[in-house]
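Listed in order, the protein sequences are those of chains Z and X.
For reference, each letter of the first sequence is one residue, going 93 to 235 in our numbering.
For reference, each letter of the second sequence is one residue, going 1080 to 1843 in our numbering.
Don't read these hints as lab results, they were simulated from the structure.
Hints are not guaranteed to be accurate.
[Claimed, not checked] Computed list of chain X residues with no C-beta within reach of chain Z, every gap over 10 Å:
1) 1215
2) 1227
3) 1260
4) 1278
5) 1356
6) 1418
7) 1594
8) 1749
9) 1796
10) 1806
[Claimed, not checked] Residues on chain X that point at chain Z, a partial pick, calculated with CB under 10 Å:
11) 1262
12) 1264
13) 1697
14) 1700
15) 1704
16) 1709
17) 1711
18) 1723
19) 1780
20) 1787
21) 1788
22) 1790
23) 1804
Ideal placement from N, C-alpha and C gives every residue a C-beta, glycine not left out.
Okay, here's what each chain looks like letter by letter:
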Amino acid sequence: MKSGPILNTSTRGLVPLMIAFSVFLLWRGHNLPGGGFIGGLVASAALVLDGLTFGPGMIRRRLRADPVTVAAVGLLVGVIAGLLGWFAGSPFLTGLWWKPIVGGAELPLGTPLLFDIGVYLVVVGTISALWLALAERRQGGED
Amino acid sequence: MAATGATRPAHLGWLAALPPAAVFVGLIASIGSTSAGQVVTFGFNWVPSLDVSLTFRIDGLSVLFGLMVSGIGAAVALYANAYMAGHPRLPRFFLYLTLFTASMLGVVLSDNILALFVFWELTSVSSFMLIGFDSDKAEARRNARQSLLVTAGGGLALLAGLILLGQVAGSYSIAEINTAGDIVRADPLYVPILVLVFLGAFTKSAQVPLHFWLPNAMAAPTPVSAFLHSATLVKAGVFLLARLHPALGGTDVWLWTLLPVGAVTAVWASMMALCQRDLKLMLAYTTVMALGALTLFLAVETQIGIAAAMTFVLVHALYKASLFMIVGGIDHATGTRNLMALGGLRRALPVSAGAAALAAFAMAGFPPFLGFLGKELKYEGALAIAEAPFAMTAAALAANAMMVAVALTVAIRPFWGPPTEAAERAHGNHWAIVAPPAVLASLGLILGLAPGLVGSILVGPAVEAVLQGTTAPELKLWHGVTVPLLLSVVTVALGSILFWRMRQIRGMLDALVRLLPTTGDRAYDTVMGWLNDVALWQTRLLQGDRLRRDFLVIFAAATAAVATVVALVPELSFASLSTIPEGPAIGAVVLILVGVAATVGVEGRLTGLAALGTVGVGVALVFLMHGAPDVAITQLLVETLVIVIAAAVLLRLPRTPEVPVRSTPARWRDALIALLAGGTITGITLMVVDGPLDLSVTEAFEAASVPEAFGRNIVNVILVDFRALDTLGEIAVVVIAGLACLALLRGTGLIQRRRRRAAEGPRP
């Protein structure tokens, strides 16, 4: 995979921005367009861009964990978010809220946000796993 | 083989033995109340909307079975710990074994028939895992699959039967179903229910002609055979018949199905047992015989018949688990289970020789063993079958005589006589291999010496649970000179003759087997062959080796199906077609049309793909204009990523297409199908838009979104709160689909490597 200086430079700048934006989308999703799925897609796009520019190894370095593990952890986080409501005596997946006052403003934290983080991780893990499987095969020849 | 004797067992088996041992102690503690006729139930509501509760029921029947499962389970865990010592996958083995023990306890303790069914299927699955435990052997894999297909097939029938039963009885609780017996028996669905339940019970409890999977299950490691395929799993069918006896039993259909099936199974399996050379197979067939005998006695309503069945369940579990473990010990010490190669092992394995004698005496029914009690009761029970006393007594006599011969063979042939070559090489066994069977075999003697106790605390309460309220007969060793005693004497005499003339009898039986047109096992292979052929034919027909053809079939079939439905809808109006897009929407429509034209027109796959992306962007714009920003963003991102990933795939394909350019008629055909498919979908969309829009759900979500879920983005609130279970299912599907894709991508790599290796020739 060849990439010129323009792509190199813009990727270096874009990827951290896109990742930050994806987290922002995840956070604001409960009230404005966004959410775990969309945020996960943006983050995946960032990772794929990274991979296209600097090679698949870059994705592995950025994720640190194996992408399949990331997806599995996401699923686990989703289940845990559901179990928390269940442990509190409500039906499985009932939202629980905790709203501490941070710096004068109310900070709404709840199991739905945790659940959305799970969705985010599943999307990121699965898409990067698939793209890596394709890209690494091409790079390594037949295998 | 000799090296395995030196491997010291790990501690895992002790850990695995603890839970069943704890259950055993708990059940012993509850004997006080069950023998007084009380029923203890506990549990919680599992799926209230489906009337499924996880309620457990401790009465005489479940205590008897539960004690066998947990007691033998603990013994087998200890035994397996030494027997399988040094096996690389020992933790996995104990995982499956524990899963099985838990599921089996669930079967015998459940009070809800649907919960019982779930546990029933779990025993089938764990049995499958354990039979196929040596998964590098083709035989183990094949036999595991066979047992799963047979027992899970029966399980499906059972599920249907149990649901019908629950509908007819008006409850899924066993306690309530059993009090509604009169309603069930009078219902027109009674016979279908019975047939379905019988299918489940007969496959699980290996009744002829569905028995063939059980001898094949001997591919499992011996501790598994001792536990699952003799003492517990295969008794699940018998247990179910006993459990549902109050609701389903007592009719002519019940009686005249179970009597012949049980009798034929018992006699046929005894004959098969006699002609085996492999000790383990011999024991496997005697298990089938025992299951037949149990089925036979569950046909009746008499106390003595049910008492015979319940006593024999206990007797059989003790001696059979013990004999299996002894045979495992022989295999462990000598490396063979072939009867012809064994003899004179009493010096190398003195304790096992003694234990084998104890177990065999119980099996043959010598006094004062518990087996004697069991056999006396069987004869009394058979004589009490008013409908066919002679036939049933004759069947019991024939089967028992052959059991005596098998018992003598198993106890004498390997241990006595001059030592064979294998016996010379034999090494001693670890105490944990020797002790569990010895304890179980001794129990057969000890319990036989206390018949009153066994009767009042184990067998009696079980009989009362099956026959609901009637008191059980007292168990005694000495009844005076009665017909059953005389029959016992005849049995032992006949059995001894059979043992003495074993060689000739085996020859005759072998000849008989050769005369059979087919066996269950061969019939299974034939059916599986047909199934494979049909699957292959259908796959070749519908999914050729060209992706283009696959798509053609899929789109043509889907369009035909949907178009038929659309055409059948009356008053089809396309009123919304008259709405002409205006303003910025025109831009989006133009973009989509240009994209479609480009996709169809351009050469090259990558360009086509990018053009298709334009269509997606146009659709996203439409979403945006109609107030669905979340859907629009998702559409845009998915469109982008799909193109990136599809490009990664396309770049792997050879640059020059190997597929010849399609002919003009083929192109027209493809265009027609594409237009029809698109037209049908458009038609459906228009139909949907045309109808009055029901906004009640939307309004309910809008009203609840902020006060109940603290979110203003309803799409997201629906995804992560209102319908979060759907989302959880979807992300699970995403992960599973991703894993499947990975397996596919890596799998093809494997095949390519293998092909290359094969092309290079065998490795040095």
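The hints, checked one at a time:
Interface exclusion of residue 1215/X from chain Z stands, the closest Cβ pair being 24 Å apart, more than 10 Å. Non-interface call for residue 1227/X relative to chain Z: holds, since the shortest CB-CB distance, roughly 27 Å, exceeds 10 Å. Non-interface status of residue 1260/X relative to chain Z is upheld: no Cβ of that chain comes within 10 Å, the nearest being about 36 Å off. The non-interface label for residue 1278/X is consistent with chain Z: the shortest C-beta to C-beta separation is roughly 35 Å, beyond 10 Å.
With a cut of 10 Å on Cβ distances, residue 1356/X stays outside the contact zone with chain Z, its closest approach being about 49 Å. The Cβ of residue 1418/X lies farther than 10 Å from every Cβ of chain Z, with a closest approach of about 51 Å, so its non-interface assignment holds. Every CB of chain Z is more than 10 Å from the CB of residue 1594/X (nearest about 56 Å), matching its label as outside the interface. Annotated as non-interface, residue 1749/X keeps its C-beta farther than 10 Å from every C-beta of chain Z; the closest such distance is 27 Å.
Against chain Z, the non-interface label of residue 1796/X is violated: not every CB pair exceeds 10 Å, the least being about 7 Å. With 10 Å as the threshold on Cβ separation, the claim that residue 1806/X sits away from chain Z is violated: the shortest Cβ distance comes to roughly 7 Å. Checking residue 1262/X against chain Z: minimum C-beta separation of about 34 Å lies over 10 Å; hint violated. Given hint, residue 1264/X at the interface with chain Z, is violated; its Cβ is 39 Å from that chain's nearest Cβ, farther than 10 Å.
Restraint check, residue 1697/X versus chain Z: the minimum CB separation of about 19 Å is more than 10 Å; hint violated. With a cut of 10 Å, the hint placing residue 1700/X at the interface with chain Z is violated, because the nearest CB-to-CB distance is about 15 Å. Checking residue 1704/X against chain Z: minimum C-beta separation of about 14 Å lies over 10 Å; hint violated. Given hint, residue 1709/X at the interface with chain Z, holds; its Cβ is 5 Å from that chain's nearest Cβ, closer than 10 Å.
Checking residue 1711/X against chain Z by beta carbon gives a least distance of about 8 Å; that is within 10 Å, so the hint holds. For residue 1723/X, the interface hint holds, since its Cβ comes within 10 Å of a Cβ in chain Z; the closest pair sits about 5 Å apart. With a least beta-carbon distance of about 14 Å to chain Z, the hint placing residue 1780/X at the interface is violated under the 10 Å criterion. For residue 1787/X, the interface hint holds, the least distance from its beta-carbon to any beta-carbon of chain Z being 8 Å, beneath 10 Å.
Hint on residue 1788/X holds. Least Cβ distance to chain Z is approximately 6 Å, under the 10 Å limit. Evaluation of the residue 1790/X hint against chain Z yields a held restraint, the C-beta minimum of about 4 Å falling below 10 Å. Given hint, residue 1804/X at the interface with chain Z, holds; its Cβ is 6 Å from that chain's nearest Cβ, closer than 10 Å.
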